[in-house]
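Respectively, the protein sequence lines represent chains A and B. Using numbering that gives the first Met the number 0, you'd call the opening residue of the first sequence number 0 and step up by one each time. Using numbering that gives the first Met the number 0, you'd call the opening residue of the second sequence number 0 and step up by one each time.
It should be emphasised that the hints constitute simulated quantities derived from the structure, not laboratory data. Warning: the hint list may mix true and false statements.
Covered stretches of chain A, going by a simulated chain B footprint (3 or more residues, C-beta under 8 Å) [unchecked claim]:
#, segment
1, 8-18
2, 110-123
3, 134-140
4, 143-154
Here are the computed lysine-lysine pairs in the PhoX-like style, where the Cα-Cα straight-line distance is at most 20 Å [unchecked claim]:
#, chain 1, residue 1, chain 2, residue 2
5, A, Lys18, B, Lys92
6, A, Lys24, B, Lys472
7, A, Lys17, B, Lys64
8, B, Lys403, A, Lys64
9, B, Lys263, A, Lys72
10, B, Lys64, B, Lys115
11, A, Lys85, A, Lys65
12, A, Lys72, B, Lys403
13, A, Lys17, B, Lys403
14, B, Lys472, A, Lys85
15, B, Lys96, B, Lys115
16, A, Lys73, B, Lys64
17, B, Lys410, B, Lys393
18, A, Lys72, B, Lys419
19, B, Lys472, A, Lys73
20, A, Lys72, B, Lys70
21, B, Lys475, A, Lys65
For every residue, glycine included, the Cβ atom is placed at its ideal position computed from N, Cα and C.
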Amino acid sequence: MSLEINVDDQAVKLELLKKDGNALKVRVDDVDYIFDLVMVEHGVYSIIFKGKSYNVELVEAGHSKKYIVNTYKKSYEVEVIDAEAKYMKNRKKSLLEGSENSIISPMPGKVVKIPVVIGEEIKRGQTVIIVSAMKMENEYKSTVDGIVKQILVKEGDTVDGDQPLVMLE
Amino acid sequence: MIKKVLIANRGEIAVRVMRSCREMGIISVAVFSEADRTSLHVRYADEAYFIGPSPSNESYLLIDKIIDAAKKSGACAVHPGYGFLSENAEFSKRCKKEGIIFIGPSADVISVMGDKITARQTMISSGVPVVPGTKENITSEKKLLSVVKEIGLPVMIKASAGGGGKGMRLVKNEKDIISSLRAAKSEAKAAFGNDDVYIEKYIESPHHIEFQILGDTHGNVIHLCERECSVQRRHQKVVEETPSPLMTPELREKMGKDAVGAAKAVKYVGAGTIEFLVDDKLNYYFLEMNTRLQVEHPITERVIGIDLVKEQINIANGKKLSRKQNDIHQNGHAFECRIYAEDPENNFMPSPGLIKHIREPLGLGVRTDGYVYEGYNIPLFYDPLISKLIVWAKTREESIARMKRALHEYKITGVKTSIKFLNKIFETPDFVKGKYNTHFIQNNEDFLLSGDDCDQVCRDMAIIVAYIDYLNKIDKNNIEHASVNKNEKWKNYGRRKGLQRL
Chain A
0 MSLEINVDDQ
10 AVKLELLKKD
20 GNALKVRVDD
30 VDYIFDLVMV
40 EHGVYSIIFK
50 GKSYNVELVE
60 AGHSKKYIVN
70 TYKKSYEVEV
80 IDAEAKYMKN
90 RKKSLLEGSE
100 NSIISPMPGK
110 VVKIPVVIGE
120 EIKRGQTVII
130 VSAMKMENEY
140 KSTVDGIVKQ
150 ILVKEGDTVD
160 GDQPLVMLE
Chain B
0 MIKKVLIANR
10 GEIAVRVMRS
20 CREMGIISVA
30 VFSEADRTSL
40 HVRYADEAYF
50 IGPSPSNESY
60 LLIDKIIDAA
70 KKSGACAVHP
80 GYGFLSENAE
90 FSKRCKKEGI
100 IFIGPSADVI
110 SVMGDKITAR
120 QTMISSGVPV
130 VPGTKENITS
140 EKKLLSVVKE
150 IGLPVMIKAS
160 AGGGGKGMRL
170 VKNEKDIISS
180 LRAAKSEAKA
190 AFGNDDVYIE
200 KYIESPHHIE
210 FQILGDTHGN
220 VIHLCERECS
230 VQRRHQKVVE
240 ETPSPLMTPE
250 LREKMGKDAV
260 GAAKAVKYVG
270 AGTIEFLVDD
280 KLNYYFLEMN
290 TRLQVEHPIT
300 ERVIGIDLVK
310 EQINIANGKK
320 LSRKQNDIHQ
330 NGHAFECRIY
340 AEDPENNFMP
350 SPGLIKHIRE
360 PLGLGVRTDG
370 YVYEGYNIPL
380 FYDPLISKLI
390 VWAKTREESI
400 ARMKRALHEY
410 KITGVKTSIK
420 FLNKIFETPD
430 FVKGKYNTHF
440 IQNNEDFLLS
450 GDDCDQVCRD
460 MAIIVAYIDY
470 LNKIDKNNIE
480 HASVNKNEKW
490 KNYGRRKGLQ
500 RL
């Protein structure tokens, strides 16, 4: 089965050619790799390729098709683009266009202050919400001039990563 | 004799203190907030008491709650760790009043050394050098010129109400003195509505070097040599080492004497740290005193061969120091790295969350002081410090190699950590040569943040693993679906029967 995979926003084609226990043959674009692969711990894979030992860690990022993959030296964002993902991606694109001006929390934290109110006109660079995590306060600023359309959280609320906080118009 | 200690702290330091308690046969009592029910210090302790909601100002910072837990548990002493109430004079006083031993200095000493101005005055009167300058407002240009003459260029003019670099002027040349004063004053006026400014000697390429001291109740004070803490980011220490590459035996003796003198001047009892700024010409100036155990205390423990928590407890028991200054020798070289849950690639944003997998480094010369475990959720209410990695080897060179090896072994997934960033520090030429000061991270930012490049094969391995993991997931799903669908089995059975008939 051939699949498209996005790695750091670059599309790569993969195909599993042969599988015999741990011994695998995989084609990446037009290079064939024959190697030995075992999952040694939960989320940790060991690969032996041409006598070299690679340790690779996988962390699911949000959902089952998105991964953060850590090699020792570098970490990659990898997304498997199957039929469903393709469909969702197209849909998301149109959704995103509508909600480009939302402030989304990049990490879990607690809302300290919301210095704006609904209907308020705000300028680009103006602080819209302050979220604290681990003794540090982070100010999230608007990237556009606009009007506060919706405030989805209250001061004192605990928020997750990737959660929409304030919608702008 | 202390038989039971309440540790008024959390995280790695609480666990570290409890370890020494266990070795000494002392019962340890943990306190915990709502967020910390599953924290390791609660699991490690012999007893544990709930003290309130997750935010630290509703739990770990409430003196009443801590005292209440101490009384309920019957603990005869309290160890404050670092941070939280460790340098709170009121807390030390209250413990004394309630008949509980506070493992640290008295309230008076904490207040004298905790206030920068009184600490500075105490140091001046006991003959310890301080950063030259005035703390009073500079009112006339004439006065400014006379002060500058006294302390010498370069100087820094700072707004008394200042902060964030506003109203601050660095003066290097004589001709700029007056114009800089005017500019600083008008900037201060505009920013803070107050044009008071003071003047301080500007220390070029400063090193942050501190001395560990120990004092007992019998008036003995010794120092345990220095720690070099110049690798800092936004005034937060990142890597520490001892001995300092800058230090000479003569300077060590001189600074050590001054550190002991400073501690004696306030009749210091317990473990404490005197922080100095040292310039390239080896002039040094008192910066401040920390009246508690420091985060980076393990490197001193390793090189001197001492357990500082045990010493603290012995001192609190009224024992005399077991060693004299002549018995103190540095052996080998130690480094400490602070592993934070933060994302260096994203402006060091804190990264709380679930630890999916962790493997700590082991092997010769390696120590980790941490508190997280697989399945633990790092709460967002407290410090992002996950653990401290301490290595020791006979020489600095070998110690650097060992730290890189240990960082290579350290695996934490689920949250972002500073491990790769730390490894880069140990590869930076200035650091390897031991030629660095507090501007190190700033000066080497590009190198430190440049990602290591992986070759094509390494990248492809990463993609392959994700691909295989995805395929395995699909396989699993299909198997599950198949077994759920019972009708399918009957259908298959029927087909097989049919085939047999043919």
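Proximity test - 8 Å, beta-carbon atoms, the segment 8-18 of chain A to chain B, at least three hits:
Holds, because 3 residues of the segment 8-18 of chain A bring their Cβ atoms closer than 8 Å to Cβ atoms of chain B.
Under a C-beta cut-off of less than 8 Å, do 3 or more residues of the segment 110-123 of chain A approach chain B closely enough to confirm the stated coverage? This one is violated; 0 residues, fewer than the three required, reach chain B with a Cβ under 8 Å.
A/Lys72 and B/Lys403 were given as a pair; does the straight-line alpha-carbon distance stay at or below 20 Å? Holds - the C-alpha atoms of B/Lys403 and A/Lys72 are around 13 Å apart, at most 20 Å.
**Request:** Please work out if B/Lys475 and A/Lys65 have their alpha carbons no farther apart than 20 Å.
**Result:** holds, 18 Å
Please work out if A/Lys72 and B/Lys419 have their alpha carbons no farther apart than 20 Å.
-> Since the Cα atoms of A/Lys72 and B/Lys419 sit roughly 8 Å apart, the hinted pair holds (cutoff 20 Å).
Are the Cα atoms of A/Lys17 and B/Lys64 separated by 20 Å or less? violated, 64 Å
Quick one, are B/Lys263 and A/Lys72 close enough, alpha carbons at most 20 Å?
Violated, at about 50 Å.
Please verify whether B/Lys410 and B/Lys393 have alpha carbons no more than 20 Å apart. violated, 26 Å
Need the status of pair B/Lys472, A/Lys85: alpha-carbon distance at most 20 Å?
Holds. B/Lys472 to A/Lys85 sits at ~18 Å (cutoff 20 Å).
- Has the given pair, A/Lys85 with A/Lys65, been kept, meaning a C-alpha gap of at most 20 Å? holds, 13 Å
Exercise. Going straight from one Cα to the other, do A/Lys18 and B/Lys92 come out at no more than 20 Å?
Worked result: violated, 71 Å
### Message
Holds or violated: A/Lys24 and B/Lys472, Cα atoms, limit 20 Å.
### Response
holds, 19 Å
In this structure, the hints that do not hold are numbers 2, 4, 5, 7, 8, 9, 10, 13, 15, 16, 17, 19 and 20, in rising order.
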